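Colleague: In the order they appear, the protein sequences are chains G and R. Take the first sequence: its letter number 117 is residue 137 in the numbering used here, and every next letter is one higher. Take the second sequence: its letter number 35 is residue 527 in the numbering used here, and every next letter is one higher.
A couple of the hints might just be wrong.
Unchecked claim - Below, computed lysine-lysine pairings styled on DSBU-like, alpha-carbon distance capped at 35 Å:
| # | chain 1 | residue 1 | chain 2 | residue 2 |
| --- | --- | --- | --- | --- |
| 1 | R | Lys562 | R | Lys757 |
| 2 | G | Lys128 | G | Lys312 |
| 3 | R | Lys495 | G | Lys135 |
| 4 | G | Lys227 | R | Lys495 |
| 5 | R | Lys562 | G | Lys135 |
| 6 | G | Lys312 | R | Lys757 |
| 7 | G | Lys264 | R | Lys562 |
| 8 | G | Lys227 | G | Lys135 |
| 9 | G | Lys312 | R | Lys495 |
| 10 | G | Lys312 | G | Lys227 |
| 11 | R | Lys495 | G | Lys128 |
| 12 | G | Lys128 | R | Lys757 |
| 13 | G | Lys135 | G | Lys312 |
| 14 | G | Lys128 | G | Lys227 |
| 15 | G | Lys227 | R | Lys757 |
| 16 | G | Lys135 | R | Lys757 |
Note that these hints are calculated values from the structure, not bench results. Bear in mind that the values here come from a model prediction, so they are computed numbers and not experimental data.
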Amino acid sequence: MAFARTSAGSRSGTRASRVNGVLLLPALVLFLPLLIGPLAVLLDESLKPYEAGRIGGTEGAELTFENYTELADPAYVHYFLDTFRIGLIVTLAAILLGYPIAHFIVRKASPWLAKLLIASLIGMLFLSLIVRIYAISMAYGPLGPFNDVSWLFGIDPRSPAKTELMVIFGLLHTVLPLVAITLISTIQNINPRLEDAALSLGAPRWKAFTSITLIMSLPGILSAGIIGYAFCISNLVVPLILGKGFVLFVSNLIYFRFSEISNFPSGAAISILMMLISLTIFYGLMRLVRDKNGEARE
Amino acid sequence: MSKRYADAFFFTGYYGLIALAILFALIPIVIAVVLSFDNRTFIGPFPPTDWSFRWYEEFLTSDYYHQGLKTSLIVSSTATLFSTVIGALTAIAIDRGRFWGRGVLQSLFISPLVIPTVVIGFGVLMFASRLGIVDGLPRLIMGHIIITFPYVVRTTLAALIGLRPSYFEAALSLGATPYQALWHITIPLARTGIIAGAIFAFVMSFDEVAVSLFLSDPFTYTLPVALLAQMRANLNLTIAAVSVIFIIVTIVLIWALDRIAGLDKIVGQGVYGRIR
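For reference, chain R alone in the conformation it holds in the complex (with noise of 0.2 Å):
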């Protein structure tokens, strides 16, 4: 009998803290998907009582948010490409080789995930003064890219893992150039990983706040640069309808993943790294 209740009570506990944690997860996006109809020009209590697209068309035409939103646009997809290419053939020669010091630069090139990004942009800024660079938009995409990178080696080492190596020696052996190779062979196999490995890079220099505070200057900054100092200066319920188009390109970023790589096999492989 006292276990019966030691198991109900556990049940309860288990799929209490499910709950809690949904709710957690849910509650504060619910919100402002809510808030981004209110049509108050202050924040009031909630629920709003009158509802309007208002924010909506002032997001669209404020000009302060297309110059984000175009630098962003820049910035990201010039990140993603160099740090996609070169991260992809990188990931290919560390699955590859058998050199010495393979596990430290491994480990080299996964740390830009370890070091603070405040770090990062706090160096790459005081770097390019160095170097004579002052405008924001080359200093962005260097920032972009080695913040980037890690996420491309992972999912393609993590793709290529399961790959065996007799197929890329199959094909120098039938008289392929190693270069050959590694275009018609390996990277066409690593394919899922690397094009996931482009979304997470994408993602997250889209959302990057840090580096982009760092790096921007006062006519180049990115959109999360530019609804950071307007959250700064006054609460206001723009950002509540970016949260929501923000979430639409979310969704539809997600069902592209699991279209193109599946999404049981990202988690599955552990993109943040796991015990083997």
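This is chain G alone, in the form it adopts within the complex (with noise of 0.2 Å):
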């Protein structure tokens, strides 16, 4: 009886496998043209000299790494170095503003307030991008009703820093829902009796918060950070827009080999290089943090 079922099941286990062949089979035929094949003509091209007023790089030529090696220039450091300095910014505002919302929708709001709250993250995330830059730039633009609140960071509102803090604003509006919405799951899953504990022996409320429902969070903080620091760094619109060419990304910096001046082989070394630090910044700390939590739970 028993060698009879074990006969049985490893026969559905292996048919369940093949279907699982079949079921992939339409993912990897898709990805093959749409990503792997993609991104490996860039790496091709990457390798490629360039030749000014050559759509494209130079076929036949010998490979080279130039591409890669002249990045190293500090013009183009700067670049990085921006996009990585404002995303930052961006990210510990989002989860400054983000955990209080997130905590609120959690513990405090009525059911009825809580589902209208997450019904507005929602929607402050569906909106269209663009509408979101262009209704920043009229609020807080030279020309909005709330052009002087850039005196509040201390910053002129005719300063080249002004557009530092319109990019912030703009990639501020996107990543502020997507932090606050990844956070909800996070503090759902502590629980709420710890805190509760803690006030009864006495702790002031702030202290019970801070020890408890914050510090247990702070795996779920990083994941949350993580996921919009990705999105900012790979931002195009945002600094090409509300930037004004003060602001530049290396999103940017693809875009005008491509668009303005067709350095190709430049524009995909510069795409290589930004995918492979998009891809460790995420996975590498994604599974930092995870496996940090899963030290912390034994």
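With the hints as a guide, bring both chains together as one complex.
Modeller: So this is what it looks like as structure tokens:
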């Protein structure tokens, strides 16, 4: 009897795994021309020497790393530093503003209010990027009624630093709902009774909150931050419009290589580098957070 | 006593940050809505002195925007169709399977979310040109399928995680072929996740700009690309009118998403990944 069951089980097992193969086939067929192929072509292009006036790298020439080595030039490093620095500012601001909202939705809001706030967050996330950028430039731009808000940050509205603030606002408007939504599930997973216990033992509210709920949500905060950061550093359109040429991200550099000067080999090299950085940040840090979290539990 | 002050200070900060976040989110949107009814032909000081529907009329009668809207609808619905069908099957296989390389495959299928969209746009453009595809439409559809694919995989996986595999196995032991079991058991059970994924995919595709900037051609451009070009040329208020239309569509979509899948479920299951 036992034998019969095992053999039936293993038979259905192989059948099921064959089905799995069939189910995965379309995706693999899809990813070949849509992701693997394009990335391979970019890698190939990035190793070709660039010839001015010609669209695309020189065919048949010897492969070169020149397109990569020239990126070590301080002029290029500057783009990378700006991208990473502004991304970090936006991510930190998104966590600072997003955490209280997420906490409020999970712990304090009535079901009705919680639902309204969640709907608003998803609405804010779904809102067209173009609409967002336009709305922000109309509200905080030079003609907007909130132009002078920049004084709160010690920035003269007429100075170039103002455009950086606009880029930060533009990115924050998207990253804030992203971070808040991610944090909701984190806070949902923390047992509220732990905080109650601290309170009943005489801890002040702020201390119960910071030393229990906040500390326990640190892994969630980090992963929400990583997701937000990955979004920030790969953005093209926000710096393109709100940065007005003063603030340029690596994405803008790639786009200019393509649209303005048609230096495809260099654009491809920057693309490959940027992709490796994004993948490393995302999967590397995520894994780190996950491992630390696992250790803490054991 | 000092405990009470510290708590009062703490709660002021807490509610202050919440108020700040809500203001920050709402102010630009309110301004855009108000400006869409501005009658002035230039961008003047806020608030407008004269009101009209002229910018709505301009949007509704402009061939330039119509062309963009038409392309956007074709590209987004085609891309959503592909990524929903294939993405759902992929998620089912990943959820079912206990095979070697499963984690790697899952990372691969999610990776278009992490790879900068500029890189995807540039890559697809160069790949398509080497294949001899120079038309905007097929290129746009290619790019949009790959960027929407991860959303469907994620939401379907999230819907499947709570599901016991025994349903599928019960169907098999009752004599169903794996495909029958899949079609009659697994797919209906994952339905909400698949539909939520389709809505996410459509929204993200319809809103996408970076990939479309690379893949559009002078005659085939999506609506966001058309709007972006207008915005770079001159800040004209047609975009404010479009914004209001977009906001209304967004509200309808959120309502649909809530009816179909339940918003708290989507948030609770973490569309953007979470730590387990």
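Colleague: Taking each numbered hint in turn, which are not upheld by the structure, reported in ascending numerical order?
Modeller: As far as the earlier hints go, not one is violated by this structure.
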